[in-house]
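Order-wise, the sequence lines are chains A and B. Take the first sequence: its letters are residues 2 to 284, numbered as in the working numbering. Take the second sequence: its letters are residues 2 to 284, numbered as in the working numbering.
Some clues are possibly wrong.
Restricting the straight-line Cα-Cα distance to at most 30 Å, the calculated cross-link-like pairs of lysine-lysine (DSSO-like) are [unchecked claim]:
| id | chain 1 | residue 1 | chain 2 | residue 2 |
| --- | --- | --- | --- | --- |
| 1 | B | 25 | B | 63 |
| 2 | B | 25 | B | 194 |
| 3 | A | 132 | B | 25 |
| 4 | A | 132 | B | 132 |
In case anyone wonders, no lab produced these hints; they're calculated from the structure.
Number of protein chains: 2
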Amino acid sequence: MAKVLLGKEVADVLTEELIERVAKLKDNGVEPTLAIVRLGAEADDLSYERGALKRAERVGVKVNVHELARDLSQEDLEQVILDINADDSVHGCLVFRPLPQQIDEEKIGAMLASKKDIDGFTDGSLAGVFKGEDSGFAPCTAEAAIAILKHYNVELSGARAVVLGRSLVIGKPVAMMLLQENSTVTICHSRTKDIAVVAKDADVLIAAVGQAKMVTLDFVNPEQVIIDVGINVDDEGKLTGDVDYDAVEPEVKALTPVPRGVGSVTTSILMKHVVEAAERTLN
Amino acid sequence: MAKVLLGKEVADVLTEELIERVAKLKDNGVEPTLAIVRLGAEADDLSYERGALKRAERVGVKVNVHELARDLSQEDLEQVILDINADDSVHGCLVFRPLPQQIDEEKIGAMLASKKDIDGFTDGSLAGVFKGEDSGFAPCTAEAAIAILKHYNVELSGARAVVLGRSLVIGKPVAMMLLQENSTVTICHSRTKDIAVVAKDADVLIAAVGQAKMVTLDFVNPEQVIIDVGINVDDEGKLTGDVDYDAVEPEVKALTPVPRGVGSVTTSILMKHVVEAAERTLN
């Protein structure tokens with residue numbers, strides 16, 4: 002039987018730590034503040050926002066939600082971003098993506114002030130992740146995966162890590178962060194040959210493909226730790242990860258469930274980034 | 002016996018192509034121009050510069066060499082960079098690195114206009130490499146490694162590529178570019194366990210560690226193609242790569258020599274970047 006790596010435990014520790022840091026910030030006259038920019042009312046965005054608001058309240062971070070029309074013009078969105086850049090009382094800004102078609106997402110990313118980008122949207126943040134420096138902020142979900150591994154003291158240095166997926170929000174940044182932890186990192190994707198064979202060798206397996214239950218018994222070994230970043234809906238309408246949990250769970254060392262795994266940590270990382278961005282304004 | 006992947010052949014093809022593109026640029030009234038910023042007269046810098054000047058002359062790229070004192074102040078170097086940024090007749094800028102200790106290299110990198118950064122120095126260029134976009138320019142040596150593989154029609158899609166080394170100038174960008182070519186990419190480094198075992202599985206092996214002759218017979222297989230990016234001096238004072246060439250050559254499919262391999266292509270890539278930067282000013 003595998004150890005189940007619950008996200009809540011990680012989030013709780015992070016939250017306690019952040020409550021203290023927020024108190025110190027407030028002693029210094031700084032109220033850490035997050036601006037959320039949401040176009041329309043997409044279900045995924047709303048669900049994430051609810052979680053973020055709840056976590057923010059626990060931690061003591063103020064949130065300004067900019068609820069905008071889904072058909073907002075590029076020009077108007079740019080003005081919102083520029084206003085957020087100019088507002089010294091706002092330390093971090095989360096823009097829900099993907100943005101609707103009429104918006105040039107690349108351009109919005111280039112416009113947001115790097116220091117307020119707490120979700121790996123801007124070139125400055127991405128270059129920081131690529132360089133392995135703390136200058137910017139990594140995408141929150143990618144960092145949540147690493148935070149779980151660290152919390153549960155999974156040995157990363159010298160470990161063989163295999164990342165399934167090469168997206169810019171998870172696969173690539175997770176790979177860079179694992180490299181920073183001195184793992185030997187392999188990045189797999191849809192064109193990888195014998196993907197199960199490659200995965201099977203992993204000490205640490207990160208599943209971030211977005212394909213329900215694709216990680217089967219063929220992918221795993223008894224010493225393996227699996228972080229399941231997938232969020233999919235299966236044929237029966239049930240939320241499920243990229244891992245065939247029931248099949249794999251008895252045969253690996255540890256794994257995160259879906260739900261109650263990575264997703265439970267992401268908003269805590271978001272708050273950590275806002276707090277860090279606020280702390281940097283004091284230095 | 003392995004096929005020897007000579008850099009000259011790749012550079013020659015690139016050069017012919019660039020001569021035509023430069024002619025077109027000049028027809029449009031644009032003389033592609035490279036600014037080289039060199040502090041002092043380090044032997045490595047001078048050697049690279051000589052190669053670059055020769056290649057630039059062949060291709061028809063104008064070069065302005067800013068030969069500055071090795072003990073130049075941060076402030077004075079910043080002014081040089083700002084002047085280059087402001088000079089519309091200059092399309093690309095190569096700053097020799099590492100810069101001396103009194104210089105904040107990070108700050109200089111942040112100051113150089115991204116569009117003129119033809120050697121992967123700025124965050125904009127690095128983010129481009131990380132994203133797999135052509136928005137910026139990759140470090141020239143990393144791109145030279147890929148150019149050789151492509152020139153000799155080495156199958157990259159679905160190939161197992163192993164990169165030895167995780168530097169920001171070679172290892173990491175080469176890994177991202179191989180990923181872009183749909184290879185399954187593994188990044189190894191000094192903390193990798195059983196590095197020879199990992200390397201032995203590779204269809205394509207990139208050696209970029211900077212350790213003379215570290216890639217021995219244990220690292221290779223008969224179907225392997227090796228790109229040797231190392232430039233080291235061995236015990237007898239002879240230039241040598243990261244690969245133990247004499248031992249490995251009979252046992253692999255193809256490999257680059259050192260010298261006459263990757264190093265012969267780098268200045269052609271540099272010129273390609275200057276020409277592209279100049280072409281972009283026309284669009």
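Going through the hints against the structure:
Between residue 25 of chain B and residue 63 of chain B the CA atoms are separated by roughly 15 Å; this keeps the pair inside 30 Å, and the hint holds. A hinted pair counts as satisfied when its Cα atoms are at most 30 Å apart, and residue 25 of chain B with residue 194 of chain B does not qualify at roughly 52 Å. Annotation: proposed proximity of residue 132 of chain A to residue 25 of chain B is violated, straight-line Cα distance about 37 Å (limit 30 Å). Restraint check for residue 132 of chain A and residue 132 of chain B: the C-alpha separation of about 13 Å stays at or below 30 Å, so the hint holds.
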